[in-house]
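Using the sequences and the accompanying hints, generate a full structural model.
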Amino acid sequence: MEIINTYLLSVVLASLLANFVISLYAIFFKPHYIKKIIALTIFSDTANTFAIFIGYRRWINQNPSKVPVLTDLNPRAVEEFAKLAVDPLPQALVLTAIVIGLAVILFLVFLGWILYSHYKTLDMREIRRLRG
Amino acid sequence: MELDTLVTNMIGPLTPILVTLAFITPLVSKLTKSEKKAPFILATIGGLYATLTTTTVLYYVILEEKPLIYKYGGWPPHFGIVYEIDLFNALLAALVAWLMLSIILYSNWYSRYLDEASWYYTLLLGLETGILGCLYTGDAFNLFVMLEVLSISTYGLVTYHRSRAEAVEAAAKYALIGAVATTMYFVAVVLLYSGFSTVNMAYLALLSSMLETPSLKYLSLIAVSLALWTFTFKSAIFPNHFWLVDANPEAPTPISAALSGLVESVGIYAVMRFLYTIFGEKSVLVEYREVILIVLLTLGAISGVVCALMMMYQRDIKRLLAYSAISHTGIIYMGLSAGFLISEDVVKIAITGTLVHIVSHCIAKVVLFMASGVFIETAGSRDLDEIGGVGKIYPLTSAAVIISILSLAGLIPFIGFYSKLLIALGYISAGFVLVPVLIIIITALSIPGYMKIISSVIFNVPRKTYEKLSRSSWIEVMLLLMAMSLLVLGVIFWYLMPIFEKTTLSLIKGVDIYVQVACEKIPGELWRWLPLK
Chain A
1 MEIINTYLLS VVLASLLANF VISLYAIFFK PHYIKKIIAL TIFSDTANTF
51 AIFIGYRRWI NQNPSKVPVL TDLNPRAVEE FAKLAVDPLP QALVLTAIVI
101 GLAVILFLVF LGWILYSHYK TLDMREIRRL RG
Chain B
133 MELDTLVTNM IGPLTPILVT LAFITPLVSK LTKSEKKAPF ILATIGGLYA
183 TLTTTTVLYY VILEEKPLIY KYGGWPPHFG IVYEIDLFNA LLAALVAWLM
233 LSIILYSNWY SRYLDEASWY YTLLLGLETG ILGCLYTGDA FNLFVMLEVL
283 SISTYGLVTY HRSRAEAVEA AAKYALIGAV ATTMYFVAVV LLYSGFSTVN
333 MAYLALLSSM LETPSLKYLS LIAVSLALWT FTFKSAIFPN HFWLVDANPE
383 APTPISAALS GLVESVGIYA VMRFLYTIFG EKSVLVEYRE VILIVLLTLG
433 AISGVVCALM MMYQRDIKRL LAYSAISHTG IIYMGLSAGF LISEDVVKIA
483 ITGTLVHIVS HCIAKVVLFM ASGVFIETAG SRDLDEIGGV GKIYPLTSAA
533 VIISILSLAG LIPFIGFYSK LLIALGYISA GFVLVPVLII IITALSIPGY
583 MKIISSVIFN VPRKTYEKLS RSSWIEVMLL LMAMSLLVLG VIFWYLMPIF
633 EKTTLSLIKG VDIYVQVACE KIPGELWRWL PLK
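Protein sequences, first through last, are from chains A and B. Numbered per the numbering used here, the first sequence finishes at 132, counting up by one with no gaps. Numbered per the numbering used here, the second sequence finishes at 665, counting up by one with no gaps.
A portion of the hints provided could be inaccurate.
What the hints assert, rightly or not - In the PhoX-like style, the derived pairs of lysine-lysine whose C-alpha atoms are separated by at most 25 Å in a straight line are:
#: 1; chain 1: B; residue 1: Lys-305; chain 2: A; residue 2: Lys-30
#: 2; chain 1: B; residue 1: Lys-198; chain 2: B; residue 2: Lys-480
#: 3; chain 1: B; residue 1: Lys-305; chain 2: A; residue 2: Lys-120
As the list claims (entries may be wrong) - Label pairs and their computed distance ranges (CB to CB):
#: 4; chain 1: A; residue 1: Phe-28; chain 2: B; residue 2: Leu-348; range: 27 to 33 Å
#: 5; chain 1: A; residue 1: Leu-102; chain 2: B; residue 2: Ile-156; range: 19 to 25 Å
#: 6; chain 1: A; residue 1: Ala-92; chain 2: B; residue 2: Leu-348; range: 21 to 27 Å
#: 7; chain 1: B; residue 1: Thr-164; chain 2: A; residue 2: Phe-81; range: 51 to 57 Å
#: 8; chain 1: A; residue 1: Leu-95; chain 2: B; residue 2: Pro-346; range: 32 to 38 Å
#: 9; chain 1: B; residue 1: Thr-164; chain 2: A; residue 2: Thr-121; range: 39 to 45 Å
#: 10; chain 1: B; residue 1: Ile-426; chain 2: A; residue 2: Thr-121; range: 40 to 46 Å
#: 11; chain 1: B; residue 1: Leu-159; chain 2: A; residue 2: Leu-106; range: 19 to 25 Å
#: 12; chain 1: A; residue 1: Leu-102; chain 2: B; residue 2: Ser-166; range: 31 to 37 Å
#: 13; chain 1: A; residue 1: Lys-35; chain 2: B; residue 2: Val-160; range: 37 to 43 Å
#: 14; chain 1: A; residue 1: Leu-102; chain 2: B; residue 2: Pro-630; range: 47 to 53 Å
No lab work stands behind these hints, which were simulated from the structure alone. Using N, Cα and C, we set each Cβ at its ideal position, and we do this for glycine too.
Structure, rendered in C-alpha cells:
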C-alpha cells in the first residue's frame with residue numbers, strides 16, 4: 001500500500017512537471033490565439049494542482065495525510081490533527097487563484113473575439129501591425 | 133483622536149472604499165444619466181481619499197520611526213493578511229497616490245475622447261486599488277491577488293479604444309504573457325510556502341535568516357527566480373520590455389502615464405522587497421543573491437543602453453517616451469542591484485540614489501505623457517514630424533515639457549541630476565567604475581531622442597494653424613506645477629536627503645525591526661503554533 005502510494009504521487013509530480021514544460025512551450029510557440037489560451041488554462045491548472053500537491057505534506061511525516069476536518073476540540077486532538085492532517089491553506093490559495101484565473105481567461109476570450117473582428121484571423125503570425 | 137487610531141481607521145477602509153466606488157460608478161452613471169460628470173466625481177473622491185490616507189500614513193511612519201501594521205479582520209500576522217508599512221512603501225504609496233490624483237483630474241479633460249467613460253473610471257479606480265495594495269501588503273499571497281487586480285485593470289484600460297485594431301493587438305499580447313507571469317508568481321509563492329510554511333513577508337524574512345539547509349537554499353533560489361521573472365515583466369525591463377512599447381502608444385494617454393510611471397514602480401518595489409527584506413544579506417540565499425543582483429545589473433544595463441539607442445529612431449512621440457521609460461528603469465535596476473557590493477556605506481548611497489530616481493522618473497514621465505496627450509489631441513497625430521510647432525500655442529505645457537526633459541537628462545539643479553549622481557557615486561566609491569560610465573553613456577545616448585521632442589514639438593515652424601483645445605488652461609497650470617516640483621525638489625534636495633537616507637536604511641538595515649514589529653502582534657498562546665521553535 002505504501003509503495004503504491006509513493007508510486008502514484010511520483011507519477012503525479014512527474015506529470016505536473018511535464019505539464020509545466022509543455023504548456024509553457026505551447027503558450028510561447030503555438031501560433032494560434034485560442035491554442036495559446038488553452039495552453040494558459042493548462043498552465044494555471046497545473047499550478048493549482050501543484051499547490052494542492054504541496055498541501056498533502058506527505059514528505060514531512062511520511063504518513064498518508066488525513067482529511068482536514070476538525071471534529072474534536074480537545075487540545076491534544078488538535079495537536080495530533082495539526083501533525084497529520086492535510087494542510088488546508090494551499091486549498092484556500094488555490095480557490096482564490098481559480099477565481100482570478102477565470103476572470104483573466106474570460107477577458108482573454110472576449111479579447112480574442114474583438115481581435116477576430118478586426119483581423120479576420122486569430123493566427124498570431126498574421127496579427128503583426130505592431131513592431132514590438 | 134489619537135494619531136494611532138486615526139491612521140488605523142483610515143487605512144482599513146482604503147481598499148473597500150476604492151473598490152466600492154469603482155463598482156458603483158456605472159450604476160450611478162446610469163441613474164443620474166450623467167455619462168462623464170458623475171463617474172469623474174466618484175473617481176476624484178476615491179483619489180482624494182487615497183491621497184489623504186497615504187500622506188497621513190507617511191507622516192505617521194516618519195514620526196514613529198518603525199513600521200506600521202494593519203491587521204485585516206483583527207487576525208495577527210501569519211494567521212491573517214496584514215499591511216506592513218515601513219518608510220519605503222509609505223513613501224512610494226504617497227507618491228503613487230498623488231500622481232494618480234493628477235491622472236484622474238487629467239482624465240476629466242481627456243474624457244471627451246472616451247465613450248462609456250464610466251467603465252474607464254471603474255478600471256482606473258481598480259488600478260489604483262491594485263497599485264496601493266501591492267505597495268502596502270505584508271503578505272506574499274496578497275501581493276499576488278493585488279498584482280492580478282492591477283493587471284486586469286491595465287489589460288482593460290490598454291484595450292479601451294477597442295475600435296482600433298492595434299490597441300486590441302497590444303492588449304492581447306500583453307494580457308497573454310501577463311497572465312503567464314502572474315501564474316509564475318503564484319507558483320513561486322506556493323514553493324515558498326512549501327519550504328517555510330508561511331506566506332507572511334516578515335516571517336519569511338525571519339525564517340530565511342534562521343534556517344540554513346541546502347534543500348531550502350535551492351527551493352528559495354527557484355522561487356525567487358520565478359518571482360523576479362514576474363516583477364521584471366511588470367517593470368518592463370529587457371527581455372520583457374516588449375509589452376510597454378506596444379501598449380503605451382495604444383492606451384488612452386492618462387493610462388500611458390500610469391503604465392510607465394506607476395505600474396513600473398510596483399515591479400521595482402517588489403524586486404527590492406524580495407531581495408533586501410525577505411532574502412536580505414543574511415538570508416539562506418546568501419551566495420546566490422550576489423549572482424541574482426549581478427544578473428539584474430546586467431539586464432538593467434542592457435535595457436538602459438538598447439532602449440536609449442532605440443529612442444533615436446522613433447517617430448511616434450508616445451513610443452519614444454515608452455523607450456525612455458524603459459531606459460530609465462534600466463538605470464533604476466543598475467542602482468538597486470548595488471546590494472552585492474561589500475561596503476555598507478556604498479550600498480546606502482546607491483540605494484538612496486535609486487529611490488530618488490524612482491521619484492524623479494515617475495513625476496517627470498507622468499508630466500511628459502500628459503503633456504504629449506495635449507499636443508497629440510490638438511494636432512491629431514502622434515507622429516513627431518506632423519505635430520511640429522504645436523507647442524507654440526501651449527507655452528505653459530511647453531515649459532513643463534522642457535523642465536521634465538532637463539530633469540530626466542540629469543541637469544543641475546533638477547532632482548534627476550542628484551539621483552544619477554548618487555547611484556554613480558555609490559559605485560565609484562566601491563571602485564566599480566563601469567556603472568558610472570554606463571550611466572553617462574545612457575544619458576548621452578538618450579539626449580538626441582529628447583532633443584527631437586523639444587525641437588520638433590516646440591521650436592519647429594508649425595505646418596498648419598492649430599486651434600487651442602477648450603478647457604485646457606487649467607491642465608496646463610497643473611502640468612507646470614508638477615514640473616516645477618521637480619525643480620523645487622532638486623533645489624531643496626540636501627534638506628530632503630535625511631528622509632531619503634532614512635528610507636534607505638529602513639529597507640537595507642530595517643529587516644530586524646520589520647520582523648520584530650510583526651512578531652509583537654502575536655498573542656502569547658499562539659506562539660507555539662508557529663513553524664519556528
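(message) Taking the earlier hints as the rules, which of them does this structure contradict?
(response) none
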